Amino acid sequence: MEDKFIDIEGVEMVFHTKKGVFHALREIDLKVAKGEFITLIGHSGCGKSTLLNLIAGLLKPTDGVLLCANREIAGPSPERSVVFQNHSLLPWLTCYENIYLGVERVFGAAETKAQLKERTLAALALVGLTAAEAKRPHEISGGMKQRVGIARALAMEPKVLLMDEPFGALDALTRAHLQDELLKIVAATKSTVVMVTHDVDEAVLLSDRIVMMTNGPAATIGEIVEVQLERPRDRVALASDARYMEYRTAVLEFLYRKQAHPAKAA
Amino acid sequence: MNAMLKPDSAEPVVAALTPEAKPARRPRRPLAANSTARARAQVSATALKIIAPLMGAALLVLVWQIITVKNSSFPTPAATLEEAVKLFSDPFYRNSPNDQGIGWNLLASLQRVGVGFGLAALVGIPLGFLIGRVQFVSAMFSPIISLLKPVSPLAWLPIGLLVFKSANPAAIWSIFICSIWPMIINTAIGVQRVPQDYMNVARVLNLSEWKILTKILLPSALPFVLTGVRLSIGTAWLVIVAAEMLTGGVGIGFWVWDEWNNLNVPHIIIAIGAIGLVGLLLEQALVALARAFTYEQVSN
Numbered sequence: 637m638e639d640k641f642i643d644i645e646g647v648e649m650v651f652h653t654k655k656g657v658f659h660a661l662r663e664i665d666l667k668v669a670k671g672e673f674i675t676l677i678g679h680s681g682c683g684k685s686t687l688l689n690l691i692a693g694l695l696k697p698t699d700g701v702l703l704c705a706n707r708e709i710a711g712p713s714p715e716r717s718v719v720f721q722n723h724s725l726l727p728w729l730t731c732y733e734n735i736y737l738g739v740e741r742v743f744g745a746a747e748t749k750a751q752l753k754e755r756t757l758a759a760l761a762l763v764g765l766t767a768a769e770a771k772r773p774h775e776i777s778g779g780m781k782q783r784v785g786i787a788r789a790l791a792m793e794p795k796v797l798l799m800d801e802p803f804g805a806l807d808a809l810t811r812a813h814l815q816d817e818l819l820k821i822v823a824a825t826k827s828t829v830v831m832v833t834h835d836v837d838e839a840v841l842l843s844d845r846i847v848m849m850t851n852g853p854a855a856t857i858g859e860i861v862e863v864q865l866e867r868p869r870d871r872v873a874l875a876s877d878a879r880y881m882e883y884r885t886a887v888l889e890f891l892y893r894k895q896a897h898p899a900k901a902a
Numbered sequence: 002m003n004a005m006l007k008p009d010s011a012e013p014v015v016a017a018l019t020p021e022a023k024p025a026r027r028p029r030r031p032l033a034a035n036s037t038a039r040a041r042a043q044v045s046a047t048a049l050k051i052i053a054p055l056m057g058a059a060l061l062v063l064v065w066q067i068i069t070v071k072n073s074s075f076p077t078p079a080a081t082l083e084e085a086v087k088l089f090s091d092p093f094y095r096n097s098p099n100d101q102g103i104g105w106n107l108l109a110s111l112q113r114v115g116v117g118f119g120l121a122a123l124v125g126i127p128l129g130f131l132i133g134r135v136q137f138v139s140a141m142f143s144p145i146i147s148l149l150k151p152v153s154p155l156a157w158l159p160i161g162l163l164v165f166k167s168a169n170p171a172a173i174w175s176i177f178i179c180s181i182w183p184m185i186i187n188t189a190i191g192v193q194r195v196p197q198d199y200m201n202v203a204r205v206l207n208l209s210e211w212k213i214l215t216k217i218l219l220p221s222a223l224p225f226v227l228t229g230v231r232l233s234i235g236t237a238w239l240v241i242v243a244a245e246m247l248t249g250g251v252g253i254g255f256w257v258w259d260e261w262n263n264l265n266v267p268h269i270i271i272a273i274g275a276i277g278l279v280g281l282l283l284e285q286a287l288v289a290l291a292r293a294f295t296y297e298q299v300s301n
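Protein chains in written order, with this note's numbering: chain W, 637 to 902; chain X, 2 to 301.
Among the hints, erroneous ones may be present.
To be verified - Sample of chain X residues lacking proximity to chain W, with all beta carbon distances greater than 10 Å (derived): (1) Pro-54; (2) Trp-65; (3) Ile-67; (4) Ser-97; (5) Val-116; (6) Ser-167.
To be verified - Under the rule of at most 25 Å between Cα atoms (straight-line distance), these lysine-lysine pairs were calculated in the BS3-like manner: (7) Lys-670(W) to Lys-795(W); (8) Lys-795(W) to Lys-212(X); (9) Lys-640(W) to Lys-795(W); (10) Lys-753(W) to Lys-820(W); (11) Lys-212(X) to Lys-753(W); (12) Lys-640(W) to Lys-696(W); (13) Lys-212(X) to Lys-749(W); (14) Lys-820(W) to Lys-795(W); (15) Lys-696(W) to Lys-795(W); (16) Lys-212(X) to Lys-771(W); (17) Lys-655(W) to Lys-696(W); (18) Lys-670(W) to Lys-640(W).
To be clear, the hints were calculated from the coordinates, so they are not data collected in a lab.
If you're wondering where the values come from, they're calculated on a predicted model, not measured in any experiment.
Built from N, CA and C at the ideal position, the CB exists for glycine as well.
Looking at chain X on its own, in the form it has when it is part of the complex (with noise of 0.2 Å):
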């Protein structure tokens, strides 16, 4: 498991792709030879870690620029700098509730999605566990679980709407289905796949089953289950923008729809460059969490 989260596993196709290896001659190679070709491979792999993205990133804006000369009422990509830079040099001002920085379009996206996906997370781990653990509720959820999980969470927006008579809760709603089902899918499954030799140490020790889900199956889900809460947290980032829209109020995904009805296209740019940083910045959180949390497991 451990291998699969380390991402330099990409060093050796580094050393496939250099040009500077020439088999035929390379027998004959004296030793100081060697190590310039580890030097020649060093300077590649920092070129792909730092030029080759920054390359994509220039490539991007040309492409943007390119579009803009055509095509007058999309910003220039320094117009929109420009902007970006007046917007986030205040990004927490209140000028009236439709009339907020980015700032605190932001926060409040954030914690509708907090509160949804906490929410998602005190019933979806439990009801996983459960499903995980005992056959016969297994049985019992995994048709509604596969009947609803593809269903899009917006579609449960106006339940929400009628249930609660207010947006907020609504989103929040939308916010709760979509986070749920890779909680309880993913949380089922570690558990499923607890390791036979620690089920069989269970059962010799003869452990209570609060001993056995405090000290094996939880341990040893662990992973799993924060795979479930990284891919929730995903969704959920995804889904609130497309909520607020429907829902209004503040919000990064009304402010853009917003400012959709202002025109205000570099704002829309400045909004989808926001949204991307946050939500990549929250899948790395939870990458984090889940490396710490990632035990060897047993092998001879």
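Just chain W, with the same shape it has in the complex (with noise of 0.2 Å):
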């Protein structure tokens, strides 16, 4: 049962769109073990999105199944929180009201107004946000919006942790920083995570495996590349390791020669 906390069976995905009919997804099959950290990684309009909002309940597929510990994903819940592309904090609330937003609905029911306020506070303290408690997200950079999302998300203790692209709008610094501090937020919570992302170096740092997708329409998995590298891992470090260049390389290879770009997506 471990090693299959999500288990992806056979699932397919068409659109029905006004364009027409869309293949998107076919024949995905992917077992995620408990604690595992697993990146979705491909050329843009593979579906790595569709396959996460799948995971997240979002969009129901069109065959298959999809199950987490052992139930079906009917539909979106708390308990498989995302982090979104565009951080889609509310623009009216505070840092904190945004957080305490999904504590509220999560421990509302059993816990007291204090303790719902010690989870909101703990969640911002994690992401090291106090100071910025009562601003709007107007009012704080790109790379702290997306920390508030990510505290918003870890603040409801999810099984399974979903980001779409989480730092893909943010700049090359901050994203390493926002990495750093994921890496060491994720080995404290022992989180299941699943993201999206079309960084190769993100993709070898952060995971535990990279399934690497084919070009759509009707993509599927190509590949899955086992990541062994100990952790924590120091990303100056590896930049020497032969090890994670050999990775590196294993993804550029799938990326560039077997699954060019298709030329109509560039």
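Using the supplied hints, reconstruct the complex from the two chains, each of which is provided in its own coordinate frame.
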């Protein structure tokens, strides 16, 4: 049971749009162990976000089954909290209130107001944003917004943390900083993480396994690279590590040789 | 959305219109010349903001003056101004029900607009939320709204008179009818346009319908609702004058009609100015309100 905490079997995804039928994903089979860090990588349009949304329950598969902890994923749930690509914080609420909204929903029935407050503050502290508690999203930087998004997701103590290109819109330095923070947080909380990315270094640095997807339409899982680098990982030390280079080359090889970028998506 | 509300988008146009710009010689210009150019641009900006409107007003007065030269029944600007000073020096007198100060008349009209508009907001905004949120309700009401929206609110006045058997509620009824459409429609659009990202957050957090309404739909749709409110108030203020001309009683519309019967043309012109001013103030107040409640949307 431990090695198939998330169990995806024979998932097909077909969208019926105005332009016609679009076959996004085919024959997706994937098992994720508890506490594992998985990244989904592939060219744009390969359906990696679709797969993440399926796990989140925001989409329903056309065919196949998705299980989480042996129960079918029937819809979105705070158990599988999502860190959205564009942070999706509510602009009329402060950072504290944005996080509290989720905390209240998950723990409100069982805990006192003081406990809920404590949880919210703990989540803010976890991402180092205690000082920004009373600020609204437009008053803080992009990196800080994304950290609040992560704090909101983590505060609900999810079984699975789903991240859709969480650092995609950030500059390289902020991104590196947040990756390091994420590594620490995940090590501390032992979260199961599924993350969509298009950054090869990010994938190798963070993942236990890198799931590489073929080009769409009808994309599927092409190869899976198991990253056997011991944790905690240090980005500077890894930069000259031969194994790191090997994993990196393997992913690049897949993306740019075997699945050369489709011209239309350029 | 913020950008749309900002009035200073006219600035670059000012620069383009100034004749000082000589592109051929510009590269050789020393730094000092640049600062004088900037000063000149500033002067032309003030010219556009202050001098141009004043010139427009002067032109209007001039045309008015020319008309009065040809037409002796039309009062001159000076005579009208004199009359206005007299009128506004005592706006709140009461001689008889049909002879009251212009202040009372304006207040009576504003009160009708307030009541009719308030009732319309009470019905229209919740209905707009329902229509925006529930597709079935939208399908139910959309054809009716499309059919009734283009009807002049004055056409509803006889129905009001029939039902309420009195002039005042009938006028309020017309205001209610004309104010309700923009509020329903804008609220519904606002609710339908709540970004999908926010709705995804609501789904992942598994928020209750009440929390979705208060924490997501309401704040997100508020700018649209306020646009509806602004359009409604504008229309209501247009309609009240016409409605009061038909119903009589105290009110600026009736006052205009009464002064026409007295052939007091200066008072009619003053009333037009006063109606315009009140309408402008209502509009400005609501624009300020809308700006205070507009949030930046999600972006990368």
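Hint by hint, here is what the structure shows:
no., hint, in the structure
1, Pro-54, "34 Å, holds"
2, Trp-65, "49 Å, holds"
3, Ile-67, "54 Å, holds"
4, Ser-97, "52 Å, holds"
5, Val-116, "31 Å, holds"
6, Ser-167, "44 Å, holds"
7, Lys-670(W) to Lys-795(W), "9 Å, holds"
8, Lys-795(W) to Lys-212(X), "24 Å, holds"
9, Lys-640(W) to Lys-795(W), "13 Å, holds"
10, Lys-753(W) to Lys-820(W), "23 Å, holds"
11, Lys-212(X) to Lys-753(W), "18 Å, holds"
12, Lys-640(W) to Lys-696(W), "20 Å, holds"
13, Lys-212(X) to Lys-749(W), "17 Å, holds"
14, Lys-820(W) to Lys-795(W), "17 Å, holds"
15, Lys-696(W) to Lys-795(W), "20 Å, holds"
16, Lys-212(X) to Lys-771(W), "21 Å, holds"
17, Lys-655(W) to Lys-696(W), "20 Å, holds"
18, Lys-670(W) to Lys-640(W), "7 Å, holds"
Violated hints for the displayed structure: none, as all numbered hints are satisfied.
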